[in-house]
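**Student:** Single-letter residue listing:
Number of protein chains: 2
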Amino acid sequence: MAQTFQEISPSDFFYRNRDIAGFTNPARAIYSAIRELVENSLDAAENIGVAPDIYIRLKFLGEAGREAQVYQLRVQDNGSGIPARHIPSAFGQVLFGSKYKLKQARGTFGLGGTMAILYGQITTHQPALVISSTGSSRIYMYRLMIDIQRNKPLILDRKILLNKEQWRGTIVEFSLEGDYFRAMSKIVEYLKQTALVNPYANLTFVDPRGRLYKFTRVTTRMPTPPKETLPHPYGVDVEIFQRLIQVTPTRNMIDFLRTHFHRVGETTARKFLEFSKIPPSKNPRKLTHQEIVHLVRMMKRFKDFLPPDASCLSPLGKDLLKAGILKELEPEFVAVCQRRPSTYAGHPFIVEVAIAYGGKIPRKGDFTIYRFANRIPLLYDEASDVSVKVIRSMNWRRYKVTPDMPIAILIHICSTKVPYKTVGKEFIADRPEVRREVLNGIREAARHLQRFLTKREHVNRERKRLSIFAKYLPKIAQFSTQLAGKSQPPNVEILLRSVRKFELEN
Amino acid sequence: MAQTFQEISPSDFFYRNRDIAGFTNPARAIYSAIRELVENSLDAAENIGVAPDIYIRLKFLGEAGREAQVYQLRVQDNGSGIPARHIPSAFGQVLFGSKYKLKQARGTFGLGGTMAILYGQITTHQPALVISSTGSSRIYMYRLMIDIQRNKPLILDRKILLNKEQWRGTIVEFSLEGDYFRAMSKIVEYLKQTALVNPYANLTFVDPRGRLYKFTRVTTRMPTPPKETLPHPYGVDVEIFQRLIQVTPTRNMIDFLRTHFHRVGETTARKFLEFSKIPPSKNPRKLTHQEIVHLVRMMKRFKDFLPPDASCLSPLGKDLLKAGILKELEPEFVAVCQRRPSTYAGHPFIVEVAIAYGGKIPRKGDFTIYRFANRIPLLYDEASDVSVKVIRSMNWRRYKVTPDMPIAILIHICSTKVPYKTVGKEFIADRPEVRREVLNGIREAARHLQRFLTKREHVNRERKRLSIFAKYLPKIAQFSTQLAGKSQPPNVEILLRSVRKFELEN
Chain A
70 MAQTFQEISP SDFFYRNRDI AGFTNPARAI YSAIRELVEN SLDAAENIGV APDIYIRLKF
130 LGEAGREAQV YQLRVQDNGS GIPARHIPSA FGQVLFGSKY KLKQARGTFG LGGTMAILYG
190 QITTHQPALV ISSTGSSRIY MYRLMIDIQR NKPLILDRKI LLNKEQWRGT IVEFSLEGDY
250 FRAMSKIVEY LKQTALVNPY ANLTFVDPRG RLYKFTRVTT RMPTPPKETL PHPYGVDVEI
310 FQRLIQVTPT RNMIDFLRTH FHRVGETTAR KFLEFSKIPP SKNPRKLTHQ EIVHLVRMMK
370 RFKDFLPPDA SCLSPLGKDL LKAGILKELE PEFVAVCQRR PSTYAGHPFI VEVAIAYGGK
430 IPRKGDFTIY RFANRIPLLY DEASDVSVKV IRSMNWRRYK VTPDMPIAIL IHICSTKVPY
490 KTVGKEFIAD RPEVRREVLN GIREAARHLQ RFLTKREHVN RERKRLSIFA KYLPKIAQFS
550 TQLAGKSQPP NVEILLRSVR KFELEN
Chain B
70 MAQTFQEISP SDFFYRNRDI AGFTNPARAI YSAIRELVEN SLDAAENIGV APDIYIRLKF
130 LGEAGREAQV YQLRVQDNGS GIPARHIPSA FGQVLFGSKY KLKQARGTFG LGGTMAILYG
190 QITTHQPALV ISSTGSSRIY MYRLMIDIQR NKPLILDRKI LLNKEQWRGT IVEFSLEGDY
250 FRAMSKIVEY LKQTALVNPY ANLTFVDPRG RLYKFTRVTT RMPTPPKETL PHPYGVDVEI
310 FQRLIQVTPT RNMIDFLRTH FHRVGETTAR KFLEFSKIPP SKNPRKLTHQ EIVHLVRMMK
370 RFKDFLPPDA SCLSPLGKDL LKAGILKELE PEFVAVCQRR PSTYAGHPFI VEVAIAYGGK
430 IPRKGDFTIY RFANRIPLLY DEASDVSVKV IRSMNWRRYK VTPDMPIAIL IHICSTKVPY
490 KTVGKEFIAD RPEVRREVLN GIREAARHLQ RFLTKREHVN RERKRLSIFA KYLPKIAQFS
550 TQLAGKSQPP NVEILLRSVR KFELEN
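For the protein sequence lines, the chains are A and B, in the order given. So the mapping is simple: this note's numbering equals the position in the first sequence, first residue as 1, plus 69. So the mapping is simple: this note's numbering equals the position in the second sequence, first residue as 1, plus 69.
Rather than coming from a laboratory, the hints here were simulated on the basis of the structure. Please note that a few of the clues may not be correct.
Lysine-lysine pairs mimicking BS3-like chemistry, simulated, CA-CA at most 25 Å apart [unchecked claim]:
#, chain 1, residue 1, chain 2, residue 2
1, A, Lys128, A, Lys261
2, A, Lys458, B, Lys433
3, B, Lys372, B, Lys391
4, B, Lys387, A, Lys458
5, B, Lys433, A, Lys433
6, A, Lys283, A, Lys391
7, A, Lys369, A, Lys396
8, B, Lys544, B, Lys555
9, A, Lys221, B, Lys170
10, B, Lys433, B, Lys172
11, B, Lys469, B, Lys391
12, B, Lys524, B, Lys429
13, A, Lys128, B, Lys369
14, B, Lys372, A, Lys369
15, A, Lys221, B, Lys221
16, A, Lys255, B, Lys458
17, A, Lys255, A, Lys283
18, A, Lys128, A, Lys170
19, B, Lys387, B, Lys340
20, A, Lys458, B, Lys255
21, B, Lys170, B, Lys283
22, B, Lys261, B, Lys433
23, A, Lys391, A, Lys221
24, B, Lys555, B, Lys540
25, B, Lys369, B, Lys387
26, B, Lys524, B, Lys469
27, A, Lys170, B, Lys221
28, B, Lys429, B, Lys261
29, A, Lys524, A, Lys387
30, A, Lys340, A, Lys372
31, B, Lys429, B, Lys296
32, A, Lys433, B, Lys372
33, A, Lys524, A, Lys544
34, A, Lys221, B, Lys355
35, B, Lys540, B, Lys524
36, B, Lys372, B, Lys261
Only chain A is shown next, with the shape it has when bound in the complex (with noise of 0.2 Å):
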């Protein structure tokens, strides 16, 4: 009857819960390490602007039950490296991470390497091996293993190797259990998707059986990396404003406000704080709660604040989107579309639409969606995706569209924080702003489908029009000539074309 109270370590509690991280069965779980590897690799090799060299090699080592196999996966970069100090954490610590930043990158949680080691390490209680160096004189060597209870890593063996040929970048080594077969197919086409979004990398995969799988880049051209922000005022709640406080070297509510708020300049810091009746010499660290929390509404209420800026954000951009699309489907019509940047609970966010029509795309009574975000494919659960129920909300009537035309969809967000629903970045969250935005880009290339349709309409009621005038219009003037006694009959070329009504393309 009575009760025991206990506290657990995050670790501990991803251990218990690793559904929630994306390592649900063992065909998950293969697919899930993986990616975790790969993303945190492109991250570390954008980081440093450079074009990103990935090899993956999954090995098959035996049979460890009904449904499940161990393998060894090896996943190498030409990143950033780590600092020999950070390397047992950032793989043997849960919430430990670079990335707690205002800023785009593919991995968010601070757990995504970790935790695929930490699956590894309860499926075949073997010690990770990480070899890391970032390009300095030294390689550094850890073998380790996760104390899950206290969140902790275990430093098994630790090695200093000398780099000679100034090798920069990160190993990561670890056996696991999981199910190839029946995640292979799901692993392809990620890597194929991951390819398409991020041209400017080589991704090569040697699969259990030895097949090489490679995608080598199209251009060296890399994406501006993206830059750390502040918080826009819009999103900002109180726990953000306190921390402010807590930390600012400022005096007043003027520098306060200009020094810590993305795009918040002098005039602008004086306008809001006219509006909101908070005297500008305020000194932030005498603000009293009620203060803040209502500086907090009023930023919500305050209409002069610009739009956030879009540079810390690296979109794919409208040719990339259309290049992609044009290679891998081949369709007849393709319409792309860039939202302006907008912002959620003080993130700063891009939506990019393409829709294409006809080529390769599957007739099967339903879209074919692609969803990417901050240049990841997402794969699973796609249903509970805030751009897959836009989708289904959506007239489709209204842009001449039926469910069984060859259409195909794709979203690609980026931003400083995409909301997933899940910590294994399976779908994105029902977010007002974000819908708002997927709803508006949909609607913009949907616009242009639908031109696209009904001009093809036009053209084809054309085409069956003039097909007729070129059927009749021969015989009519010969018989014409018979009937006249004249030997030559009128050119019926230019009869038809001055009843053509417009000049068809294709």
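Keeping the supplied structure of chain A fixed, place chain B upon it in accordance with the hints.
**Tutor:** Just chain B now, with coordinates in the frame of chain A:
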């Protein structure tokens, strides 16, 4: 270019990622807050075998912005109460709780109550009030906030009152931003369905407009309270095994297996050790890493473990399932099925299914689905739930079922640990063992439905046939009577009865 590494507290993690805990938007936040507190209250009463009396009040305090208002939420119960020294952590610290045990409970993450208070704090910056007594001579009253960065409660005020009336229970009161009007229908539906599967509970809800929703208990018979259990060998992983070794007082493998595993007696332990080729006299603390991994793998392969004992689970039972459905939907037909206990990852679980036809069930071109887990309704993110995936994947024509039929399917999964996919407990992950049981449960109920539909078809055909006889036989009889020159026509009833193939019940 330099990376800064950082560790964040679990509280900070959930603050930054509140989408994964169900606090996505103002409407969902208010739904989640009510839900988390109600579920804590239900658990607290059931734990001590008391029929729950829960009082929920939501009071409008003011406008907060365009899309949200400020409310005060108060939830009061007659449950076990919380020992004074644990009150601050239970509501001011994430990953602290009394439910990290192998025992069926509604809450399991040690997160819900604190997360609701955390959300209130970051939107209104007001402290929460917690009043609790275990029925002793004292009532404790705390006014507290959460130090999110350190994941610790901040106690602002503490009072001790004399408990003259021996009151026992917990009251939680705090303010939060939310959108009640958009959440209203879900909240009322949640309470209605909760009352349905907890017919021994009194639920009272006073909404911001002063409307009273009262769900009165229809029985005082409480289900057997769920018991704590040991891990079942089929679902043990290396981590569990190692933790047991660390704490075991046993000195040989037979005792170790008997003491720490569910349904393992001396005979089974001996057989298993023979199967795994580990000497029975071995001291468990002397097992090598390899031996531990080997034993864990062998546990999954060994066929002779007894299936988990259902006594630690508290399913709804066929009667309650049926009664609930009949009361709500008044169907023409209902089939219920309770599967035998099964296990996933060491956790026993039971799947219960009901399928109903006709009555008040709407014909909407798709089934109406009710999902429950450990006696709580799941109302959001239906499309990603394992049950819904199973339902969609089935070939319903086999059961003579078409999508336009008025069919409702109810699925209840109870377990010592429900494999939720999100911390917000919205839907259940696609674990293969769970999927199999759900599939078999639905199939079993669907076969009953098929028999009903087949019979109904027969009955209808028979009715049609008989109505033809009934129409023409009297005429034929009369005509024949005239033809034969008789005055008394033969008794048609006897004839009609003789061509009847079977009795028509309804």
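**Student:** Taking 25 Å as the top limit, are the C-alpha atoms of B/Lys524 and B/Lys429 close enough?
**Tutor:** This hinted pair holds, its Cα atoms lying about 21 Å apart.
**Student:** Given the proposed pairing of B/Lys429 with B/Lys261, does the C-alpha separation stay at or below 25 Å?
**Tutor:** holds, 16 Å
**Student:** Does B/Lys433 sit within 25 Å of B/Lys261, going by the straight-line distance between their CA atoms?
**Tutor:** holds, 22 Å
**Student:** Do the alpha carbons of B/Lys372 and A/Lys369 lie within 25 Å of each other, as the hint requires?
**Tutor:** violated, 62 Å
**Student:** Would the pair B/Lys555 and B/Lys540 pass a check requiring their Cα atoms to be no farther apart than 25 Å?
**Tutor:** holds, 21 Å
**Student:** For B/Lys469 and B/Lys391, compute the direct alpha-carbon distance and say whether it is at most 25 Å.
**Tutor:** Holds, at roughly 22 Å.
**Student:** Are the Cα positions of A/Lys221 and B/Lys221 separated by 25 Å at most?
**Tutor:** holds, 20 Å
**Student:** Run the distance test for B/Lys544 versus B/Lys555: straight-line Cα separation, threshold 25 Å.
**Tutor:** Judged against 25 Å, a Cα distance of about 15 Å means the pair holds.
**Student:** Mind checking the alpha carbons of A/Lys221 and B/Lys170 for me, to see if they're no more than 25 Å apart?
**Tutor:** Holds, at roughly 23 Å.
**Student:** Holds or violated: are the alpha carbons of B/Lys540 and B/Lys524 at most 25 Å from each other?
**Tutor:** holds, 24 Å
**Student:** What's the verdict on A/Lys369 and A/Lys396, does the C-alpha distance respect the 25 Å limit or exceed it?
**Tutor:** Violated, because 43 Å separates the two Cα atoms, which is more than 25 Å.
**Student:** Take the C-alpha atoms of A/Lys458 and B/Lys433, compute the straight-line distance between them, and say whether it is at most 25 Å.
**Tutor:** holds, 19 Å
Violated hints, listed in ascending order, are 3, 4, 7, 10, 14, 18, 19, 21, 23, 25, 31, 32, 33, 36; each of the other numbered hints is respected by the structure.
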